[in-house]
Amino acid sequence: MNTNRLIITKIILENFKSYAGKVTIGPFHSSFSAVVGPNGSGKSNLLECLLFAFGKRAKKMRLNKISELIHKSVEHSDLSYAKVEVHFENIIENEGNFSKVSNSDFCISRIVYKNNTSNYSINRQPASYENVVSLLKSKSIDLEQNRFLILQGEVESIALMKPKAVDDGKIGLLEYLEEIIGSDVYVERICQIEKELEDLAETIVSRKMQVEEANKSVESLTQPVKLALEYLEYHKKIYQYKNLKYQIYLHRTYKDSAKISEELLNNDKSIENLRQESYSLYQKHSNIKTKIDEKNNKLKTIEKSHAIIKAQLKKYLESINIANREIEGIENLITENDKEKKIEQKKISEATKKISDMESLLPELNSKYNEAKIERECIGKVFKEVHEGVLEKTEHLHKEKKIAEKNINPLKTQLSRIKPELDNNKKNLNQWEKDLESIKKNIETYENEMAGLMKEINEKDKNYLLKSDIILATETKIKNLEVELEDYNIKIDEYTKIIRDYKRMLNDIEKDEKSTEGQSKTLKEILNAKYKGNLKGIIGRLGDLAAIDPLYDIAISSASQHFDDIVVENIQSGNELLKYAREKSLGKIRILVLDKMTSNINISKNIDPKAQRLYDLLDIQDQKYSKAFYFALKDTLVVENLEDCKKIAYSDKGRHRVVCITGEVFQPSGEMLGFSRPISGKIKLKDKKLCFGVDRKKIEDEARKFVEEHSQYDLKKKKVEGEIVIEKERLKKMKCEIVCLKSEIEEKRARDESFKFKIKSLEERKKEISEEELKKIRISVRENEKAIQDLEKIIEDKTLEIIKIEQKIDDIGGESYKELKTKLYHQTSSEESIEQTIMKAESKKTQSIKDLEKSADKLAKLEEDRIVLLAKLQSNQINCIDLSNQFQEKNHELELTSKEIDTIKQDIETISKHNEDVNELFGSIEKRKLILEEKNLDLKSQAEILMKYNKKITEKIIKNRESYKIQNFHILDDEIFKIDHETKKLKNEVHLIQDVFFEFPSDVLEANCCALKIIKNASKELEGFITEALPNFAVLQEYEKKKLEKNNKDKLLYDIKDVERRKKSEYIELKTKRLTEFKRGFFEVSENLKKIYREITCGGDAELEFADTTDPFSEGIVFTVRPPNKSWKKMTNLSGGEKTLSSLSLVFALHSYKPNVLYVMDEVDAALDFQNVGTIAAFIKAKTKNAQFIVVSLRYQMFELADQLIGIYKVEDKSKTIAVTPRVLENINSDNQIVQQTVRNLRSA
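The opening residue of the sequence shown carries number 1 in my numbering; numbering runs sequentially from there.
Since the hints were derived computationally from the structure, they do not count as laboratory data. All figures in this text were calculated on a predicted structure; none of them were measured in a lab. Do not rely on the hints blindly, as some may be mistaken.
Restraint ranges, calculated between C-beta atoms of paired labels, are given here [unchecked claim]:
id	residue 1	residue 2	range
1	Ser761	Leu362	56 to 66 Å
2	Glu328	Lys786	21 to 31 Å
3	Gly587	Lys718	54 to 64 Å
4	Asn606	Ile679	48 to 58 Å
5	Arg500	Glu727	52 to 62 Å
6	Glu331	Asn39	45 to 55 Å
7	Asn297	Ser761	55 to 65 Å
8	Glu1038	Ile679	24 to 34 Å
Where is the CB? At the ideal position from N, CA and C, for every residue including glycine.
Assemble the whole structure, with the sequences as input and the hints as a guide.
Right under this line is the structure:
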């Protein structure tokens, strides 16, 4: 089963306590690492560095302040900071095999300065302690519980915990287990609810008393309220009768104008439908534009990412080329290594064969030598007998011969010693000279090939530079064309804006022409005369001299009838205007004379936050016209809705003239004006130019001129765009060529680097053959050769003397003596020859053994080099494969982005075509709408004639409404209408204006046309009754207030009881959850503890029990054990080793229940004997493979089972570290032992 877990890979310390400078501790094994070293070497500093990195305070680390963590020694007495980096990574574990999770590594560091400040960082980026806690918690390391760090001497404290914490802030065995099991999450909330329930009980009692008091107050007011409501009901019926009477009158007038109204309504509906259709098309246009913008933005983003991916691909390609070059270099080295190994293996086999040949030859030679010696001795005996007879005669000659032989023997011995040495030196010299010659030839070959490569590289470089210049020139040209295109775009945009302005101006002229159609002929004639210069002193129409926000167009147009008045400078100009009107028979006109108008304008008062003065909202062209506008508007206020209009117009503080933005006008007298169709366009709107009197033909000619220039720039733009596309295609092609060229150059450079590497290797081999050593050997050879020549000459001279003496002796002895002597000489020569052969064979054997040893040593060294090279090759190949995979992924991403860019461009083109169709349709709908609006204007003018007829009746209805409103609102406060009532009866009794002035259906009005007299009589009877009654209306408000108070108090009491019920339910649920979860975890931990303690102690027993079985949380938990062959004991009665075993059993039981990915222990085996240390170590090794254990220990029974050993030692008062993998060390030792055994066997042979 695959398990993913976090491990610590290494720890980097910098100036931390006993560690000076930057020291790396690790790598740590994913399962079991042991930290070993002598006392005081700095082992425990490993735990302290983790405590520091994981945010523990100075007191926890046996310090007064954290700046004491900074290293201090004779050599480094004033360091400014100390730093700890803990490196993590995720691994996947599968049946004992581990593999690293890619991109899972991260590091957490903390740095402390001399001023006792410290900073955290994650992956060398600044971070807070909370960020560190959160990150590690997400990786299953809980810094708050911190049960994975067991310090020196702390292991016993786990077993010695109290059953339950005595004081707040401390921890007992109950809290320790509950925190690990996880049921402690409920404790804080349970305590909080207990306190809240106590507070709620007190609140409920006080609320009940308040509700009883409120009930009594409401019951005392019931009867007076009924009387007041009865009076209001009669009052309401009087106004209902009046309302019915007026509606009957109005019904008659509406009946006559129904046909015209219906036709007008149908036309309005048609216009509204067209508007909706136009609006939907406008929305479509906006949506299409938004889509195009989104697509363009997306296209820019993808093109940007496309460019980034291209750059990344380039980097990956460069990295792959570099990696390939390195791999090629290493492969060459491995090939050279293999060749040298073959040579050395050949030498070993040759030496072994020589030794074998010599060993088989020597017995045969020794046998021959013994036979020759026996035969020589036989001949010597015969010769001796003959020689004794001759000896007396030749005694003086023999003496001379002995002296000569005595002189020649040392020379022969010296010659036999020098000759083998000379042969060996000659042999070595010839071999080294051959090697040097071979190296020189190879270097010369590689240099020739490098010269050819460099020539090719130079040519390619020139070509590359040439193409780069062309690309640069092309890019410059594209930039210039893009600048030119941008200029054309700016010009086109400018002309587009100008053309749009001209179109808008022509549309405004057209609209103004249509809007002025409704103006009187008199006003048109006067304004035309003014613009033609026929009338002087005329300023213009009042509505054209100021502007207002479009929001208030209807309001201001409804508020005054003076906006069509003609404004003049003085009386003289007014007289001229009147004279002109009489001459032209223009009819009635209204004139405002500026210099005769009063300039007293009231200061604006803040009557209500919802109201503004219309006069203040005007944007007047010249302040001298302000008095004319104040004359037209006075202090009229504008409000957004009718309700606010009513309140402000008839407030207690005073009455005001108010207009609603929908056109309704409220006069201070009580009169209210309204229009069936809102009036608008009486005054100029802001941001709209006045187009009256402008030469339309001139504007059309200017617009046409700009359209032609726009077309010319558009043609130029398209031409430049075409050139840019061509140049970009050319640039793209050249960039592809230059990339290929660059890769070729890089490949050739890689070959060049390979040749350089080979030459460097050969040069290093050449250096191994020392010139001085060769020189010495040559001198030694020359000296030996000369010495041998001199010795041979002297020996030859001496031998001639001996021969002469022997000839004299032979002459004296006779022929028989000569024959025996010759035979003895030949036999002796044969014996010496065999002896020389034996000596040569033994010399060859000795030399072959030396050569074998030398070759074996060199072969071992070559094998070690090969292992290093293979490891490096494998690492580079893996790196190259990773880079290639990443390159493929990025290349795939590049293809996807290219496809996506093409798709988006096609989408934009499709959407743009659809947008053109929508614009055409929009234009046709606008034309149809204008035609319908013109028709509608005629219908509305007919409707206005009918409205004047209905106006008088409407005014009477309004007066009746206002009268009822005034009479009722002085009786009842507004708040009465905001209160909900107890029963439906009360709801019906208290009424609003809408209930009184109900609009009766037409069939009811038709039926009651004949009953007008009956309605009038009923109304008079009710009026007589209400004049006699004197009800107390104040009691209504008082009743509603008391009723509201009672309801609020009832609701509060209910809400509090509901809160109490929910709190109790939550309290019981939390307590149950806490007990259930704790018991489930507790029994599982207890069972695990029993098994583990029994396994560790080989037969002991352990038990976790509740001190109080009825309530486990009241008295806590008792931990007792029964060591093997002993009785049950409490923790305090155990020995140090028994306490340690009990604590570790509990730690392992908790690990079985809730595994922790990491444990760091400091000398937890200090109190254990060697047998128990071995048991604990074996348990860690075998039973906790789903976690990483880092154990500081001095006991070999512990660290001999570790997968990785971290050694800590001190040199010059500074801690150093070394990491050793026992399994690798064993393999190396076994290989060395095999080689040494082979050499020993050869030597013994």
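Against the structure, the hints:
1. Ser761 / Leu362: 56 to 66 Å: violated, 42 Å
2. Glu328 / Lys786: 21 to 31 Å: Hint violated: Cβ distance 51 Å, outside 21 to 31 Å.
3. Gly587 / Lys718: 54 to 64 Å: About 60 Å separates the Cβ atoms of glycine 587 and lysine 718, which means 54 to 64 Å holds.
4. Asn606 / Ile679: 48 to 58 Å: violated, 28 Å
5. Arg500 / Glu727: 52 to 62 Å: violated, 33 Å
6. Glu331 / Asn39: 45 to 55 Å: Once the Cβ atoms are compared, 50 Å apart, the range 45 to 55 Å for asparagine 39 and glutamate 331 holds.
7. Asn297 / Ser761: 55 to 65 Å: Distance hint for asparagine 297, serine 761 holds at roughly 58 Å.
8. Glu1038 / Ile679: 24 to 34 Å: violated, 47 Å
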